[in-house]
Amino acid sequence: MKKTHFSVLLLIFVLLTFFPFLDYQFFITENRKGKNSGAYFIEARYPLISYQGEKTLLNLTMFNKNCTVDDANYGYFFLLFYLDGEPWLNEFNDTDYKSWRCDMGSSVTRYYVISSWETIKPVIHNVSIELYWFYENTSYLQDTTSFSMPVAVYAEPTNLLVLSYQATYLIVILFIGFYMMLEQPIRISLKTYTNVSGKQPSKLAAPPFKNFFFLFFYLLILALQYLINWLLYLFSIAEPLRQYVYVIVQFFNFLLLILAIKKEKLNLKKYGFFWPRKAHKYVLVSLMLALIYSFMVIFVPGIFKGYYIYPNLNLVATILGVIQAIVVSLTSGAIFYGYFQSMLRRIFNSSLALVLVAMLFAFYTLPSSKFDLFGVASFFILGLFLGFLRYRTRTLLSTAVFYFACLTLMLITPIKGIASEQVALSSEFIAFGLSSILLLLLVERRKVLVPISST
1 MKKTHFSVLL LIFVLLTFFP FLDYQFFITE NRKGKNSGAY FIEARYPLIS
51 YQGEKTLLNL TMFNKNCTVD DANYGYFFLL FYLDGEPWLN EFNDTDYKSW
101 RCDMGSSVTR YYVISSWETI KPVIHNVSIE LYWFYENTSY LQDTTSFSMP
151 VAVYAEPTNL LVLSYQATYL IVILFIGFYM MLEQPIRISL KTYTNVSGKQ
201 PSKLAAPPFK NFFFLFFYLL ILALQYLINW LLYLFSIAEP LRQYVYVIVQ
251 FFNFLLLILA IKKEKLNLKK YGFFWPRKAH KYVLVSLMLA LIYSFMVIFV
301 PGIFKGYYIY PNLNLVATIL GVIQAIVVSL TSGAIFYGYF QSMLRRIFNS
351 SLALVLVAML FAFYTLPSSK FDLFGVASFF ILGLFLGFLR YRTRTLLSTA
401 VFYFACLTLM LITPIKGIAS EQVALSSEFI AFGLSSILLL LLVERRKVLV
451 PISST
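Note that the sequence shown covers residues 1 to 455 in our numbering.
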């Protein structure tokens with residue numbers, strides 16, 4: 001890659017990094033003007049999704065800077081809750097304890113339980129909370145915090161919305177499948193060079209350090225990913241900013257990959273960085289496989305117990321999600337299935353390389369702050385198919401389209417099957433098996449022997 005191209009990418013990375021400062025209010029949800037008052041909110045923790053008929057726990061932490069009662073070193077406070085702009089709970093008027101105590105210079109954490117959400121359709125509630133200091137029969141507003149709480153509702157397997165999404169998936173799959181039946185399967189010729197005696201020429205072994213350099217690169221991006229996850233968990237960061245941070249991190253990883261490629265002077269075509277002939281076939285095959293895979297993962301687990309239907313994302317959240325899907329699919333494909341998989345195939349056979357790159361992908365992609373065996377297994381299955389797709393088609397175009405389509409379909413389909421983790425994982429195994437069989441049928445690989453001179 002030319003230096004000018006790398007400079008342009010570096011400039012884009014810098015602009016992306018500092019873009020939130022141009023309109024930072026969009027990326028935060030909490031009002032921090034209260035820090036200039038005598039008391040303020042430190043953080044508000046709440047579930048990302050609440051469910052119809054189930055309890056929701058709110059975890060609020062407040063700090064008392066200098067609100068006191070006469071000569072004492074403590075003050076009394078209460079909270080006023082608003083739901084969608086309407087008064088919801090006034091601790092002073094609606095409870096027996098009226099207020100609670102917090103010592104000056106210290107914090108207190110309060111827990112509030114919402115018994116249930118009574119709703120017949122998925123909604124996003126806007127919650128606003130005001131912190132009041134109570135002194136001499138007068139209340140003084142100190143701080144406010146606000147956030148959105150999506151509430152999902154239960155739906156039977158025969159729900160019309162669920163059936164409409166299923167029908168849409170199946171119709172698109174059938175249309176693409178019909179077109180692919182009219183077209184010829186993708187045929188890929190694999191050139192195998194042999195000398196005049198019929199034997200393949202021996203390969204020059206690469207230095208061991210060069211073979212395993214990719215492991216240092218993986219450990220670097222893995223450490224960066226877990227550091228970002230930990231920081232986002234530690235601080236109360238709004239969801240738009242979380243998505244933006246992940247986009248920046250992925251772009252930064254892509255810059256690191258470019259530096260690694262420039263350092264090792266790799267043949268980009270051998271690593272999948274090329275545009276294939278009849279590229280539309282690769283795009284359609286990858287898109288159809290993504291639709292089938294997503295259909296199995298989203299809808300199959302809920303065929304017995306039903307589904308949860310979530311509120312639709314707003315336009316801004318959808319755009320951010322699509323941008324994140326584009327960046328993640330491109331960078332993950334390039335790093336894991338362009339660079340890592342090719343390097344592993346230098347050292348191991350193709351089958352073992354697929355398993356190893358899927359393991360690397362799973363541990364990197366797992367978003368949870370704590371180890372989750374089923375989460376790792378889920379991403380391992382997805383990573384295994386991405387590796388098989390890259391091996392079968394040879395181009396990163398297929399992995400990028402497939403992964404982007406899967407992420408986007410998960411984003412815009414507000415449905416999740418209700419099932420145990422074992423059932424959900426089984427549906428992913430079925431999706432992997434069915435998609436792999438179709439991939440074998442839709443992509444033909446033929447070996448072509450090319451004789452070369454032995455001299």
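Since the hints were derived computationally from the structure, they do not count as laboratory data.
Heads up, the beta-carbon is just placed ideally off N, CA and C, and yes, glycines get one too.
Among the clues, some could well be false.
If you anchor each label on the Cβ, the simulated ranges turn out as follows [unchecked claim]:
{"id": "1", "residue 1": "R445", "residue 2": "T168", "range": "31 to 39 Å"}
{"id": "2", "residue 1": "L259", "residue 2": "L163", "range": "43 to 51 Å"}
{"id": "3", "residue 1": "R445", "residue 2": "I323", "range": "33 to 41 Å"}
{"id": "4", "residue 1": "G105", "residue 2": "L220", "range": "22 to 30 Å"}
{"id": "5", "residue 1": "N59", "residue 2": "Q184", "range": "52 to 60 Å"}
{"id": "6", "residue 1": "E183", "residue 2": "K269", "range": "21 to 29 Å"}
{"id": "7", "residue 1": "T61", "residue 2": "L220", "range": "53 to 61 Å"}
{"id": "8", "residue 1": "L352", "residue 2": "L163", "range": "23 to 31 Å"}
Evaluation of the provided hints:
1. Evaluation of the 31 to 39 Å hint for R445 and T168 yields a pass: the beta carbon distance comes to about 33 Å.
2. Distance hint check: the CB atoms of L259 and L163 are about 50 Å apart, consistent with the given range 43 to 51 Å.
3. Checked against the hint of 33 to 41 Å, the C-beta distance between R445 and I323 comes to roughly 34 Å, which is consistent with it.
4. In this structure, G105 and L220 break the distance hint of 22 to 30 Å, their C-beta atoms being roughly 41 Å apart.
5. Separated by about 59 Å at the C-beta atoms, N59 and Q184 satisfy the suggested range of 52 to 60 Å.
6. Distance hint check: the CB atoms of E183 and K269 are about 25 Å apart, consistent with the given range 21 to 29 Å.
7. Under the hint 53 to 61 Å, the C-beta atoms of T61 and L220, about 34 Å apart, miss the expected range.
8. Look at L352 against L163: about 43 Å separates their beta carbons, and that is not inside 23 to 31 Å.
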